Structure formats: C-alpha cells, structure tokens
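Colleague: One line per chain: the protein sequences are A and B, in this order. In this text, residue positions in the first sequence follow numbering that gives the first Met the number 0: the first is 0, and each later residue adds one. In this text, residue positions in the second sequence follow numbering that gives the first Met the number 0: the first is 0, and each later residue adds one.
These are computed hints drawn from the structure, not numbers from a lab. All figures in this text were calculated on a predicted structure; none of them were measured in a lab. Any given hint could be a false lead.
Pairs involving identical chains hold if they fit within one copy or between any two copies, as the list cannot separate such chains.
Unchecked claim - Here are the simulated lysine to aspartate or glutamate pairs, DMTMM-like style, with alpha carbons at most 25 Å apart: (1) Lys-107 to Glu-93; (2) Lys-138 to Asp-116; (3) Lys-98 to Asp-137; (4) Lys-65 to Glu-113; (5) Lys-138 to Glu-15; (6) Lys-12 to Glu-81; (7) Lys-144 to Asp-110; (8) Lys-12 to Asp-110; (9) Lys-30 to Asp-116; (10) Lys-138 to Asp-62; (11) Lys-41 to Asp-137; (12) Lys-73 to Asp-137; (13) Lys-65 to Asp-137; (14) Lys-78 to Asp-22; (15) Lys-78 to Glu-93; (16) Lys-131 to Asp-62; (17) Lys-98 to Glu-81; (18) Lys-73 to Glu-93; (19) Lys-30 to Glu-111.
There are 2 protein chains.
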Amino acid sequence: MYPMRTYLIVSGKGDEVDVMAADWVTIISHKPLLIGVSISPKRYTHRLVRTHNEFVVSVPSLDMLKDVWIAGTKSGPSKLSEMNITLMPSLRIETPSIKESIANIECKVIDEREYGDHTFFVGKVVGWSHQKGAFENDKPNMKFKFLAHASWTNFVTFENRFYNP
Amino acid sequence: MYPMRTYLIVSGKGDEVDVMAADWVTIISHKPLLIGVSISPKRYTHRLVRTHNEFVVSVPSLDMLKDVWIAGTKSGPSKLSEMNITLMPSLRIETPSIKESIANIECKVIDEREYGDHTFFVGKVVGWSHQKGAFENDKPNMKFKFLAHASWTNFVTFENRFYNP
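Take these sequences, add in the hints, and give me the full structure.
Modeller: Listed below in structure tokens is the structure:
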C-alpha cells in the first residue's frame, strides 16, 4: 500500500489542541463528501476526536517534514511547543487549522467503528481552506510538494509533472 | 486530499472477473491487517465483491497507466479484452491477481457499510505477492514508479529519493 499520503489530524479546541500524523486517511463518499480516518485508541487524538466530534485533516508539504515527524512520534498537546506550526481558526468548526499547511479540511464526525486495533472515524466535510494556487482548475499544483510516507523514517514527494493516459 | 495513490481492484472469479481503478483505498488496522475500499454501487465490481466476499488490491505502476485508465472509465468484465494485463491465480483466494502489477494484496471481506453514495468494504489481508525488489528492507523501491491520481486525466508518480526528518 505504501507510499501513502501523509496528513496531519488536528483535534481539540481552546487550550487543548493536539496534532498527529496519519497515513490512513481516505475519501469514502462523494455526495456528501465524507472522509474516513483510522486512529489508534492509544493516541491522545482519539480521545479529543471522540469528545468534540470534529477534526481537521491538514495537508502538510515536504517543507513541514520535521513537524510531521514530531506529530507522528510524540504524544499529546505538549508536542505543539516543539513544532513550528501556527494554529488559526477554522471556518466552520471549533477545531483549529494549521496556517503553514497546503490545505485544511474541516470535518464533523458522523460515525465511528472499531476495526482491529484502530477506530475508523467518518467525518463529513463542512469547510475547507487552502493556500493560493495550490489547487487550480480542479487539480493540485505539484510545485507545492505534497508529502507521502514510504516507510518509518523515509518520506517522499511527487515529480512535478503530469502523465496523461 | 489529492494526489491520492491509485490502485486496481480485482473482483470475481472464473469467467466473470472485473478490474476497476480506485483511489479511495486505505489501511484501517495493523493487527489484524485490514484494508478499506470505497466502491460505488453503480460499479460492476460492487456486485462481484458482494457476491464473492473477496477482492484483490493490485498495485499498478506508471507503465500501466493506459490499463488503469480503461479500468477506471469502462464498465464490466468486457473491458479486460482491451487491457494489456495478465490475470494469474492468487495465493489464498479465488479472485485472481494481476501479473504486471507491482504487488497484489488478497482480501476477504469482513464488513461493509453504506456511507453517502458509496459502500465501504473492509477486507482482511489473507495473502499477498509482489515483484522481486519492489519492497526491500520494509520500504518501497521508488524505481518501481508507484502511481497516483492528481485529477481526472492527470496522474503523477514520485521522485526517486527519500527525505528523512
């Protein structure tokens, strides 16, 4: 399955906000637009998503690799002091977005299911924001260096060219 | 969310085998290893997965882009005659694998849920095979040109280099 895209999941609000890295994120419905994310019950984020029933899928670029690494390997809101990210208000939910990210997708939880050692949270997309020029004519601008996870310490990004069938 | 990795979903057996392209595929549990795939009820594959309760997540390379395009835009098993792929027996299930693919992940359906306009099928990984050298030391070999979907007619692949945090 790997390499898989890596995202940051923002949860919580006010003084208690956490950010974790997640590869296990996908779209599951077009209308309505639903996103599924698999989160281990061991993660601090798990509790915050359950408490507040919302989360942000934030889209980091390669430039944010160090922040992604901290988000993926450390636990709890205290990691935020080690990260170089700026929280900013989301448009439609109370969970904040990340200013430096390429995009932020705001979700309200509509379902959750236990599968194996993870909980699969289903969120309805209720708002979004993105950096200028990141998505033009309905396609991602590959100059923005979208990040993917290859294996534990190895990350990759995409070539800056499109292939057409 | 895009670019997202593109996979081929193989379903059916014997004389009735279908292959569709799918971007909405992710891992949802580590132990046991579970994969979730979102499939529209409009797709022929939907019926075959429901009938046989198994599917293969096949991993195409950039070289298979024309096949991926046919798999994604045409409906039903008749498309296989237009594709340049070779079906081969899977190791643990009756649904076949694709010889040209980088890897084939064999899944048995353990759950399905309706979410919006798609059905989310959850499969337990019961077998897999891959091309020699595609995954060494637990990491993907980026020379294999894993395929991702950027927008409708635009596909991308990864740079052949790793970045470390």
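Colleague: Classify it for me, Lys-144 with Asp-110: is the Cα-Cα distance of at most 25 Å met within a copy, between copies, both or neither?
Modeller: So Lys-144 and Asp-110 fail the 25 Å test inside a copy (32 Å) and across (35 Å) alike.
Colleague: My question is about Lys-98 and Asp-137: at a cut-off of 25 Å on alpha-carbon distance, are they close within one copy, between copies, both, or neither?
Modeller: Answer is within; shortest intra-copy Cα gap is 21 Å, inter-copy 34 Å.
Colleague: Checking an output row: Lys-73 and Asp-137, CA cutoff 25 Å. Within, between, both or neither?
Modeller: Intra 35 Å, inter 22 Å, cutoff 25 Å: inter-copy only.
Colleague: One pair to classify: Lys-65 and Glu-113, alpha carbons no more than 25 Å apart. Within, between, both, or neither?
Modeller: For Lys-65 and Glu-113, the Cα distance exceeds 25 Å both inside one copy (31 Å) and across copies (37 Å).
Colleague: With 25 Å as the alpha-carbon cut-off, assign the pair Lys-78 and Asp-22 to within, between, both or neither.
Modeller: within (19 Å within a copy, 32 Å between copies)
Colleague: Quick one: Lys-107 to Glu-93, C-alpha cut-off 25 Å, is that within a copy, between copies, both, or neither?
Modeller: The answer is within: 10 Å in one copy meets 25 Å, while 39 Å across copies does not.
Colleague: Indicate which option fits the pair Lys-98, Glu-81 if close means a Cα-Cα distance not exceeding 25 Å: within, between, both or neither.
Modeller: within (16 Å within a copy, 46 Å between copies)
Colleague: For the identical chains here, do Lys-138 and Glu-15 meet the 25 Å Cα criterion within one copy, between copies, both, or neither?
Modeller: neither (34 Å within a copy, 35 Å between copies)
Colleague: Can you give me the call for Lys-65 and Asp-137, within, between, both or neither, at a CA distance of at most 25 Å?
Modeller: Between copies only: 22 Å across chains, 29 Å inside a chain, cut-off 25 Å.
Colleague: With identical chains, the pair Lys-138 and Asp-62 could be close in the same copy or across copies; at 25 Å between alpha carbons, which is it: within, between, both, or neither?
Modeller: both (20 Å within a copy, 22 Å between copies)
Colleague: Please sort Lys-30 with Glu-111 into within, between, both or neither, judging by C-alpha distance up to 25 Å.
Modeller: So Lys-30 and Glu-111 pass the 25 Å test inside a copy (19 Å) and across (18 Å) alike.
Colleague: With identical chains treated as interchangeable, where does the CA-CA distance between Lys-30 and Asp-116 reach 25 Å or less: within a copy, between copies, both, or neither?
Modeller: The answer is between: 6 Å across copies meets 25 Å, while 29 Å in one copy does not.
Violated hints for the displayed structure, listed by number in ascending order: 4, 5, 7.
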